[in-house]
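Fit chain C to the known structure of chain E by using the hints.
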Amino acid sequence: MKRKWFFLFLILTSTSLISGCWNARELPDLAIVSALGIDKNEDGKYVGTFQIINPSYVTGGLQGGGGGQGPPVTVYSSTGDNIYELTRRLSTKSSRTLYYAHTNLLVISEDLAKKDGITNILDAFERDYEFRTTAMIVIAHRSKAEDIIKTLTPLDKVSAVKVIKTLKNAESLLGEEPTVTLQEVIRYLVSPGKEPLISGITLIGKKKNANKVANTQESSTPQARLESDGIAVFKDGKLVDWLHGKTARGTAWVLNRIKSTIVNISWEREKPAIEYTVMRQKTKVSAHTKKGQPQISIHIHAEGDIGEVSVPVNLNDPHVLRKIEIEVAKTIKKDVNDAIHRAQENKTDILGFGEAFHRSDPKEWNKLKTNWNDVTFPKLEVNVTVEAFVRRSGLRNKSYLSELKNKR
Amino acid sequence: MEKAKISAYQLFVLIVLFELGSALLIPIALEAKQDAWLAILLGMAGSFFLFLVYYRLFHYYPDILPTEYMQKIVGKSFGKFLAFLYILYFMYLAARVLRDFGEMLITFAYPRTPLFIVNALFLLVIIYSTRKGIEVVARTGELIFVLIFFLGISGNILIFISGIIDFKNLLPVLEEGIMPVLKTTFTQTLYIPFGEAIVFAMILPYLNQSKKAKFAGLFALGLSGLILAFIMVINISVLGVNLTSRSQFPLLSTIQTIQIDGFLERLDAYFMITLIFGGFFKISLYFYGAVTGIANLFNFKAPSRLVYPIGIVILLLSITIASNYAEHISEGTKFIQLPIQLPFQVIIPVLLLIIAFFKHRKKRGK
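Chains E and C are the protein sequences, given in the same order. Numbering (full-length UniProt numbering) for the first sequence: 1 to 408. Numbering (full-length UniProt numbering) for the second sequence: 1 to 366.
For reference, chain C alone in the conformation it holds in the complex:
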């Protein structure tokens, strides 16, 4: 564990940027059709519960990383094994998000550039900032957060002004009852993007005011949930459900539809800037989680040196996890949810918490 401290506000900012990262980019929750926003809000509500689980665990062991407290909770060897699985999980997700962004850039802006080059350049920046430590990432977050907020607000104003919004597209609400929405929530939105906040379990011990962690976390999840639901409402009301679900990048299509008086149009840069920043933080945090995890598990003295080898692994992983974009996306939004996301985000943390709870009661009993 490096000697670094971040404030509650920085944690808040990081969580928001992290949640918005790739969830704004890829089409999520569209199995629920025009009620996608509802599925997102329900996912957000579920994430409050998950975050409280992560927070309680942190509360029991405020000074050590999850990779360490796992060993205390379930025993040394099994704990180490579990921690190792988590590290692999973080690396896999870092590679996934990197691929998301590489694909976006290639499909939309650089069709003739090889994926490897795009991903490598993006990762280079991430390696650099992660090497500098969590404090630097957090401070960058504070700066970028303001910028993204400005972009988000002005972008929305432009969408409203150009008069392309038709809220009728959101009707009928709950066309086939609540079941499709619940199904989407429990097979998708709960895990992507909200449950992914599990990586913040690796960040929480760096907090200088650990009491404020709960408030900052819940507030950040709530805000990002509202933003995502709002953006989904905008997407569907501008494009209609059909086009939204046929779009590779719905928000991009929405922004491309903006036309104000024949001179303000083609604002694709808005989308690119927001998304690249979001992706930067999402990958950085996963990456950081993997690096500190490995350093902690294998007692590395200088974690910053680990960034290069792990970076290369993530880079290669991002190229090889899928042979095409369709495969990549359907893996991300369908296949990995129940076998991978559910145990890592929900089952294991909850079990750990139950064991930790009884252990602590026993201790107190003595």
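The following block holds chain E by itself, in its conformation from the complex:
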């Protein structure tokens, strides 16, 4: 009998202990942070802007009627000497505890990245057990991080989601925005043979209206909108340059980060004439030493389709396709060479050539790595070879433009 009572006691006490209520946090007490922006103010203190999801208004619009009147996100901000202080200082303003497990976006202002660099602010994010290192990191180009966080956007109501999706979309369709996670940025900051790149986002239009619900309620282009804008180049943790368009794409080629992109080539002196869509590609970077001089060879293999022609050209003819392939390879090679020159001018090895050396020749790398970015990398000889293949040309072979030409 005694034994029975003992077991009953044991079961009762264990239910109170193992139910996991010790650290219990109820949903109404949590503020789910979707994005976090970091600026620096005139006093040299960090300003953190926290975008907090307002659950009822995010879903409200879908249910129709009453719901979607309020803004889908609420923004709080606080100042402090370091990141951890920021998050704790916010408790004087927020009724709920901030919850970072869903923070997918970290915005850093261009000013901060240029003057102070990003090296000092990332540790807190990596160390914290709630924050995810797979969160995407972006630089607010020509605007404050605060403005990016505050902007309300249509379609994807939470602007953090909108920014992430836009960048990913641009990366997978245009190839000019290699997106990076916090984890990658830290890895490249630390590595002596590779410097980080971070994609940029900018606020265009009337900044005053950005945080008004009205901004999302026009069918025409919103008065203030977020757009992806170039990639930021870093050296020693500080922003030194922005890459746009073709240079950005050339960089993505070398980094083997192109998923798909378009290559515009000229045909019989007309430009733009043929649009080539890259469907898959593979870039190999190899390092070797020739006569005591370090060298890099880049080999790019691209496969793709013809997307559009604006000149009469016979796509049935393999010889024509071969010519197109050569043109495409030339154009890609030019982009890549431009990107390499730009990186060499900036004296920062964003292309990971140092890592390639480290892998292939660790002994040689030990000699090179101390002056890599400033001395060796800018003078490095780089050989680029590109192979491009046209695989298909869509639903038509000859363009109707050829028929038009015959008619005349």
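Be aware that a few hints might be false.
Straight-line C-alpha distance at most 20 Å; calculated SDA-like pairs for lysine to any residue [said to hold, decoys possible]:
no., chain 1, residue 1, chain 2, residue 2
1, C, 132, C, 308
2, E, 2, C, 305
3, C, 33, C, 170
4, C, 132, E, 6
5, C, 33, E, 362
6, E, 369, C, 132
7, C, 168, E, 6
8, C, 301, C, 135
9, C, 168, E, 257
10, E, 284, C, 165
11, C, 33, E, 191
12, E, 284, C, 170
13, E, 168, C, 261
14, E, 369, C, 173
15, E, 369, C, 301
16, E, 367, C, 174
17, E, 369, C, 168
18, C, 33, C, 305
19, C, 132, E, 10
20, E, 168, C, 263
21, E, 259, C, 163
22, E, 2, C, 308
23, E, 363, C, 177
24, E, 405, E, 284
Not close to chain C: a few residues of chain E, all C-beta gaps over 10 Å, as computed [as the list claims (entries may be wrong)]:
no., residue
25, 2
26, 26
27, 27
28, 28
29, 132
30, 205
31, 270
32, 331
33, 334
34, 362
35, 381
36, 395
Just a few of them, taken from the derived set where beta-carbon distance is under 7 Å, the chain C residues facing chain E [unchecked claim]:
no., residue
37, 108
38, 171
39, 175
40, 177
Please keep in mind that the hints were generated in silico from the structure rather than gathered at the bench. Here the structure is a predicted model, which is why all the values come from computation and not from measurement. Idealized CB from N, CA, C, for every residue including glycine.
Coordinates of chain C only, in the frame set by chain E:
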């Protein structure tokens, strides 16, 4: 010695779960940088030799526990002293592993729960199962083994699918020659986790087919060595060497990196489940080794009653052995290797074997 029998397969399963236990959790062999996997494989090769030593000893005295045959080999009083040291050693390691897991749970999942509570709850389950005897632990092992295998395979598939693996991170192989790898092997991986299989010397006499022990043991050590080396390859190729060695729990960071098409992510539970099971068996086996050892040494009639007092000792020990996690880990992976692990796992067993060998030859000579 309790009246229990376990099969060769159960021994195999227990060794695998035991080896994976905390070695998957904590960063091991990272002094060898990107060649950590090589150091693990070399450690595994060394462990074959160690296991054969333990097995030969068992072969000479198939029916009695090490605490007893030590007395036969080196004389009653010194043997007892030696056996007592081994019991302390098992208790210390049980406390160490318990602390590992308590720290993991607190750092990662329950930051505001006191260490004492986490450790006490974990130990409660272990006390319960150890009280039921080795047969129960072994059968639980059989069940859990299947589950862990399923988790391991599906976890790896997810890692591969999400495309986060970059084998280039493993290059260059042997950057500074073979020496750092050998050094890591002989100062670390040979003892943690492989040499720790010394605790199975306490389990071997329960085997119902003692002939298969050698095969099961070697096979289990080989499998767990391959798994650990493979996981290290994955960790380094996903995170890079730098991040792997800066991580408190590298496998956790690897699993957190999994992102499949924006919906399959945050699979931390994978890590937690696998690790908690592994830790359960590792602590249980050390604990069991200590309990049977004491019962045997001091002629206890009912060893199961010993679990509570020893459990409390281990619990308190796990809280007090280190004042913080950094201290705990550096003790475990650096300081205790040569002064404690080396004599208990290698020197004493080898010396015992040499003495036993000559004694048996003399006997046969007569």
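Verification of the hints:
{"no.": "1", "hint": "C:132 to C:308", "in the structure": "holds, 13 Å"}
{"no.": "2", "hint": "E:2 to C:305", "in the structure": "holds, 18 Å"}
{"no.": "3", "hint": "C:33 to C:170", "in the structure": "holds, 9 Å"}
{"no.": "4", "hint": "C:132 to E:6", "in the structure": "holds, 18 Å"}
{"no.": "5", "hint": "C:33 to E:362", "in the structure": "holds, 13 Å"}
{"no.": "6", "hint": "E:369 to C:132", "in the structure": "violated, 60 Å"}
{"no.": "7", "hint": "C:168 to E:6", "in the structure": "violated, 59 Å"}
{"no.": "8", "hint": "C:301 to C:135", "in the structure": "holds, 18 Å"}
{"no.": "9", "hint": "C:168 to E:257", "in the structure": "holds, 15 Å"}
{"no.": "10", "hint": "E:284 to C:165", "in the structure": "holds, 16 Å"}
{"no.": "11", "hint": "C:33 to E:191", "in the structure": "holds, 14 Å"}
{"no.": "12", "hint": "E:284 to C:170", "in the structure": "holds, 17 Å"}
{"no.": "13", "hint": "E:168 to C:261", "in the structure": "holds, 11 Å"}
{"no.": "14", "hint": "E:369 to C:173", "in the structure": "holds, 18 Å"}
{"no.": "15", "hint": "E:369 to C:301", "in the structure": "violated, 68 Å"}
{"no.": "16", "hint": "E:367 to C:174", "in the structure": "holds, 17 Å"}
{"no.": "17", "hint": "E:369 to C:168", "in the structure": "holds, 19 Å"}
{"no.": "18", "hint": "C:33 to C:305", "in the structure": "violated, 46 Å"}
{"no.": "19", "hint": "C:132 to E:10", "in the structure": "holds, 18 Å"}
{"no.": "20", "hint": "E:168 to C:263", "in the structure": "holds, 15 Å"}
{"no.": "21", "hint": "E:259 to C:163", "in the structure": "holds, 13 Å"}
{"no.": "22", "hint": "E:2 to C:308", "in the structure": "holds, 19 Å"}
{"no.": "23", "hint": "E:363 to C:177", "in the structure": "holds, 11 Å"}
{"no.": "24", "hint": "E:405 to E:284", "in the structure": "violated, 42 Å"}
{"no.": "25", "hint": "2", "in the structure": "holds, 17 Å"}
{"no.": "26", "hint": "26", "in the structure": "holds, 15 Å"}
{"no.": "27", "hint": "27", "in the structure": "holds, 17 Å"}
{"no.": "28", "hint": "28", "in the structure": "holds, 19 Å"}
{"no.": "29", "hint": "132", "in the structure": "violated, 7 Å"}
{"no.": "30", "hint": "205", "in the structure": "holds, 28 Å"}
{"no.": "31", "hint": "270", "in the structure": "holds, 40 Å"}
{"no.": "32", "hint": "331", "in the structure": "holds, 28 Å"}
{"no.": "33", "hint": "334", "in the structure": "holds, 27 Å"}
{"no.": "34", "hint": "362", "in the structure": "violated, 4 Å"}
{"no.": "35", "hint": "381", "in the structure": "holds, 22 Å"}
{"no.": "36", "hint": "395", "in the structure": "holds, 29 Å"}
{"no.": "37", "hint": "108", "in the structure": "holds, 5 Å"}
{"no.": "38", "hint": "171", "in the structure": "holds, 4 Å"}
{"no.": "39", "hint": "175", "in the structure": "holds, 4 Å"}
{"no.": "40", "hint": "177", "in the structure": "violated, 10 Å"}
Taken one by one, the earlier hints fail for this structure at numbers 6, 7, 15, 18, 24, 29, 34 and 40, listed in ascending order.
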